[in-house]
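There are 4 protein chains.
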Amino acid sequence: MDKKFVIGVIGAGRIGKIHIENLAHKIPNVKVKIIADVKIDEPLKQWAAEMGVLKVTQDANEIFKDPEIDVVVICSSTDTHAKFIIEAAKARKHIFCEKPIDTDLKRIKETLRVVKSSNVKLMIGFNRRFDHNFKRVRESVVSGLIGTPQIIKVTSRDPAPPPLEYIKVSGGLFMDMTIHDWDMVRYLAGDEVEEIFAYGGVLINPKFAKIDIDTAVAILKFKNGAMGIIDNSRQAVYGYDQRVEIFGSKGCAMADNDTPNTAHIYTADHTMSDKIPYFFLERYMGSYVSELQAFFDYLRNNKDPSPSGEDALKDNLIALAAKRSLDEHRPVKIEEVDK
Amino acid sequence: MDKKFVIGVIGAGRIGKIHIENLAHKIPNVKVKIIADVKIDEPLKQWAAEMGVLKVTQDANEIFKDPEIDVVVICSSTDTHAKFIIEAAKARKHIFCEKPIDTDLKRIKETLRVVKSSNVKLMIGFNRRFDHNFKRVRESVVSGLIGTPQIIKVTSRDPAPPPLEYIKVSGGLFMDMTIHDWDMVRYLAGDEVEEIFAYGGVLINPKFAKIDIDTAVAILKFKNGAMGIIDNSRQAVYGYDQRVEIFGSKGCAMADNDTPNTAHIYTADHTMSDKIPYFFLERYMGSYVSELQAFFDYLRNNKDPSPSGEDALKDNLIALAAKRSLDEHRPVKIEEVDK
Amino acid sequence: MDKKFVIGVIGAGRIGKIHIENLAHKIPNVKVKIIADVKIDEPLKQWAAEMGVLKVTQDANEIFKDPEIDVVVICSSTDTHAKFIIEAAKARKHIFCEKPIDTDLKRIKETLRVVKSSNVKLMIGFNRRFDHNFKRVRESVVSGLIGTPQIIKVTSRDPAPPPLEYIKVSGGLFMDMTIHDWDMVRYLAGDEVEEIFAYGGVLINPKFAKIDIDTAVAILKFKNGAMGIIDNSRQAVYGYDQRVEIFGSKGCAMADNDTPNTAHIYTADHTMSDKIPYFFLERYMGSYVSELQAFFDYLRNNKDPSPSGEDALKDNLIALAAKRSLDEHRPVKIEEVDK
Amino acid sequence: MDKKFVIGVIGAGRIGKIHIENLAHKIPNVKVKIIADVKIDEPLKQWAAEMGVLKVTQDANEIFKDPEIDVVVICSSTDTHAKFIIEAAKARKHIFCEKPIDTDLKRIKETLRVVKSSNVKLMIGFNRRFDHNFKRVRESVVSGLIGTPQIIKVTSRDPAPPPLEYIKVSGGLFMDMTIHDWDMVRYLAGDEVEEIFAYGGVLINPKFAKIDIDTAVAILKFKNGAMGIIDNSRQAVYGYDQRVEIFGSKGCAMADNDTPNTAHIYTADHTMSDKIPYFFLERYMGSYVSELQAFFDYLRNNKDPSPSGEDALKDNLIALAAKRSLDEHRPVKIEEVDK
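Protein chains in written order, with the numbering used here: chain A, 2 to 340; chain B, 2 to 340; chain C, 2 to 340; chain D, 2 to 340.
Hints were generated in silico from the structure; no laboratory data involved.
Incorrect hints may appear among the rest.
No copy labels: a pair is met if it fits in one copy or bridges any two.
Below are the DSBU-like pairs computed for lysine-lysine, each with C-alpha atoms no more than 30 Å apart in a straight line [stated by the list, open to error]:
#  : residue 1 : residue 2
1  : Lys224    : Lys211
2  : Lys110    : Lys27
3  : Lys84     : Lys117
4  : Lys251    : Lys276
5  : Lys251    : Lys169
6  : Lys224    : Lys40
7  : Lys251    : Lys117
8  : Lys91     : Lys276
9  : Lys40     : Lys304
10 : Lys224    : Lys169
11 : Lys66     : Lys334
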């Protein structure tokens with residue numbers, strides 16, 4: 002029978018709660034024993050009890066010190082990820098951590114070094130790799146159906162920009178929002194990015210102008226010669242626009258947006274259907290379950306982790322190169338920013 | 002080289018003009034020599050000249066008597082079809098005739114008898130058999146791809162009802178409008194109808210009530226056991242709704258409506274696209290060319306004619322059976338009305 | 002705050018487990034206290050414990066006698082539904098019961114009489130009313146968007162026939178499989194059926210011939226004059242084909258099948274996408290949650306129940322009329338079978 | 002009544018024949034009087050006669066000298082375009098010329114100067130502006146429906162590369178194939194390109210390596226801040242892939258590929274539909290008629306010409322900038338190449 006894993010979760014915000022709920026109801030043979038969060042109140046305790054979690058604490062160390070706990074799931078704020086990964090690794094616990102590991106390159110590398118030397122397993126929460134649509138597109142490459150990938154395209158647009166306050170500390174569009182898309186093109190292409198050139202601008206809200214861009218397009222060269230295209234907007238008024246496409250030597254696979262229902266309504270004016278899902282919770286809910294399944298499959302069966310800590314590092318390097326390309330108005334090789 | 006056919010066209014109304022234009026520009030190795038129409042005016046003569054037709058006459062006999070003419074295309078009013086078919090047959094000319102041959106059973110049979118004994122070829126203008134969508138659905142049966150047909154469905158709705166005056170002399174919805182659909186289910190199924198049951202009603206315009214129905218649904222049994230479904234409306238406010246479906250033992254083929262363009266527009270309200278084509282001229286234009294191609298292929302290469310005069314007879318029988326089913330409120334076998 | 006309902010569930014088979022899981026995880030402010038099933042084993046007990054249900058019993062009376070329990074959810078075999086509804090009603094507990102109430106008309110009516118006199122609430126599990134696609138189509142009528150319904154179409158095909166043993170006791174295709182579709186056309190049309198005519202046949206497996214039909218088409222007349230069309234097959238090799246359409250005076254709403262993903266793959270041969278969902282568990286999973294939400298909304302806010310016990314009765318009458326139409330080869334009025 | 006235009010056509014190759022046929026059959030009130038071609042044979046003469054053109058000559062001067070001729074349509078080889086435009090302009094005849102005017106910047110400018118000083122009208126055959134799909138997308142901008150354009154995307158892939166011999170004299174992918182796409186992004190955006198960066202590679206056939214690229218992606222900045230994306234391949238094995246998209250402040254309009262029919266076939270393996278049209282003749286046939294209609298509308302009603310000679314010049318500048326970007330591996334401003 003499958004080994005039962007005992008889990009401590011750090012951070013019970015929106016995404017933390019999603020993981021806890023999935024661990025409680027959708028993932029077999031696992032048990033969340035402790036939830037640690039900087040802010041504990043009655044509703045959280047009650048909710049935790051409903052999820053079958055008996056201990057809620059403000060001290061993450063209780064997780065690290067608990068010998069029964071095998072796995073730490075890190076959903077706390079970004080600036081604590083590296084620290085908690087390192088502590089978990091030192092406590093010899095396997096780690097599932099939300100993206101990103103950190104925004105600082107040195108710190109990411111140091112973190113990965115500790116994970117490696119501690120001989121624990123690490124997977125990063127780039128959940129979109131587990132989206133039913135994108136997975137299917139990737140499969141069409143893996144199966145050989147569409148041949149060698151030549152052009153990889155990702156369209157990724159948010160429905161509405163976050164508050165300016167958030168933007169200021171976000172690390173910028175390339176690090177905060179496009180980070181998922183850097184990971185997606187690498188995943189789809191099955192290859193590494195060599196160079197990037199990006200355009201960015203402020204087309205939505207002039208208030209962004211001094212802080213960040215809100216619209217961007219980028220093209221990339223992969224090491225194998227394939228080319229990538231990404232376009233981003235902070236504001237697609239029609240909803241969360243998430244599409245990918247791989248063009249290959251034997252065909253082309255395209256994933257369109259999900260739709261809330263399949264109804265088409267013909268009227269005297271036009272044919273209409275309902276808007277696409279509003280944002281990532283509506284669109285990617287299923288992928289959060291699938292990524293946890295993959296994580297435990299990795300723990301149990303030693304499958305290659307995807308996305309690994311190294312993936313996260315590489316995605317981060319592309320973000321840095323994209324930012325430099327934007328700033329210096331020239332194509333930038335990934336190796337230029339990797340030091 | 003292909004034999005060149007010389008053609009006389011009787012009737013230069015809307016559909017006659019379409020055929021003449023196609024014969025002039027789209028069909029190789031044919032020549033329209035004479036156009037006969039009850040009403041001749043200057044614009045018609047001019048138009049004929051532009052089409053390369055040098056003679057326009059009120060006397061159809063000029064066509065029948067012209068020894069150079071091999072083929073008669075009959076596009077005159079319905080009540081003259083049988084008469085002109087017979088005269089053409091007696092003059093030993095091949096015939097392409099618009100549907101229907103006649104609305105009277107005896108007269109249809111007599112007409113077919115003359116055609117047969119005259120040893121000329123006859124094809125009837127059920128153009129929808131040549132529609133790019135429906136042909137593709139039929140091919141999925143012929144190729145074996147979807148196995149044995151079990152359920153055949155036709156949706157056929159006009160955008161707006163014709164004038165009441167037209168309705169009065171039309172022979173009724175089943176004979177005037179559904180006649181195309183009787184032919185379509187037979188074509189798609191590749192089998193003959195054994196029995197039919199129909200519901201009809203006046204749901205659009207109460208003024209129809211004393212004259213005809215304006216909405217109908219019918220189910221049929223084919224001799225091989227397959228079942229058919231047809232639904233009709235005289236008024237689909239969103240345009241000309243023309244869809245078919247064959248469900249078989251190995252799959253299902255469905256043809257959706259054509260669209261004027263492939264643009265999808267996402268807005269803050271909904272996803273929209275343009276209305277489907279308005280009526281048969283927009284939708285079936287290509288099929289008028291294809292049916293003439295098939296007709297001359299029949300003349301030149303002796304392929305089985307489809308739709309033949311016998312097809313038209315069988316379609317007519319179904320219409321009669323449908324009408325009787327409606328009137329007598331019971332399922333009616335085709336053989337009951339065939340005498 | 003919302004009243005908390007305490008629930009007893011009778012029957013923990015496939016559908017019972019789905020309801021229990023939804024009650025445990027997806028429906029707020031409810032608690033399953035007792036599960037009763039004729040067959041209890043260790044795995045069931047363990048599973049129940051995981052769902053937070055502490056008592057599992059073979060005696061349904063423990064549910065009826067428990068004063069804390071407000072609601073009974075009946076998921077046992079069809080032949081026990083009426084009995085358990087009556088016992089629950091007499092015990093003054095509200096009832097959610099899987100379809101059908103019974104196959105015997107008298108027994109259904111007697112059951113509904115007891116429910117009414119006991120003054121408890123009853124809802125029947127015609128889950129498809131809560132399907133995201135069909136609900137959207139119905140909304141297009143309710144909102145007035147497509148005007149007055151004139152033609153209502155339901156396509157409903159199973160992926161594979163059940164075992165012959167099941168067929169023998171199923172009550173026949175019209176009672177066992179089409180029962181959902183009778184309910185669907187009534188729900189979509191927002192009106193009652195007056196008359197029906199049906200064709201049926203054995204097109205899939207000759208072994209059905211002495212027991213039941215495996216393919217059917219039926220047309221119906223609604224009291225308001227609208228017309229309905231249903232087609233059924235026990236075997237659609239491409240998956241569970243579930244589509245509906247309402248054609249109205251101002252437009253037409255169509256719900257297509259769900260798809261497992263939105264990927265389209267263009268190859269040198271053709272454009273392809275993945276098969277539709279295999280069966281009802283894949284397709285209708287979300288509707289099981291929504292129907293429970295509606296049930297508790299009915300209990301708490303006294304909304305009209307849909308589908309009610311009367312709905313189930315009416316669906317049953319249509320099934321009987323359809324069967325009689327098939328047997329007597331004539332259109333049958335619903336009132337003919339209602340005695 | 003509309004003025005009748007008399008036309009001389011230079012060049013009766015594939016595209017010339019299409020224009021002549023459209024002029025003969027689809028465009029009212031025009032007459033082709035002379036066809037000039039370097040190579041005349043019997044079949045051409047016969048074909049011309051069928052098109053109602055009585056004179057076929059090797060000497061284009063017969064067209065320029067004919068006082069009855071108002072309009073010259075130039076479909077000869079690219080290297081003769083500028084020369085014939087200039088001669089036609091000097092002969093005071095209006096001009097419709099296939100793209101491009103020339104590949105040499107100076108020569109294009111000189112040509113446009115002569116046209117202007119001769120006070121004749123000139124339109125260039127960028128037929129895709131008249132495609133039913135792309136026109137609809139553009140209309141969604143013009144009508145204000147999707148707000149201010151922010152991202153414009155063009156996917157443009159040929160089904161198979163031309164022969165190497167052709168590639169050698171083609172001016173390269175950016176000048177030969179992408180030239181249509183430079184025009185398309187400008188048309189869709191309704192703005193001018195300021196700067197471009199491009200990647201290109203040889204991913205299809207190594208034999209291209211010394212001659213040209215066969216795959217490319219490019220991003221552009223428009224003067225108003227909007228961004229453009231183009232991707233090209235010389236070989237899409239599934240057919241001629243032609244899609245565009247405009248993302249704006251109020252919505253997004255996307256045009257998908259045309260399909261040969263609307264049939265969808267569900268099988269036990271997958272859902273399939275037919276391949277997209279093979280190449281430009283299949284896909285853009287309708288646009289050749291529409292562009293001639295627009296040309297004569299320009300002549301008769303003095304509408305702004307689109308695409309004008311200046312459009313052709315601007316498209317050429319982008320091609321040059323794209324090539325320089327590729328060669329010098331840096332973003333290139335359009336003004337850099339405009340001298």
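- Task: Against the structure, test the hints numbered earlier, and report the numbers of the ones violated in rising order.
- Result: 2, 6, 7, 8, 9 and 11
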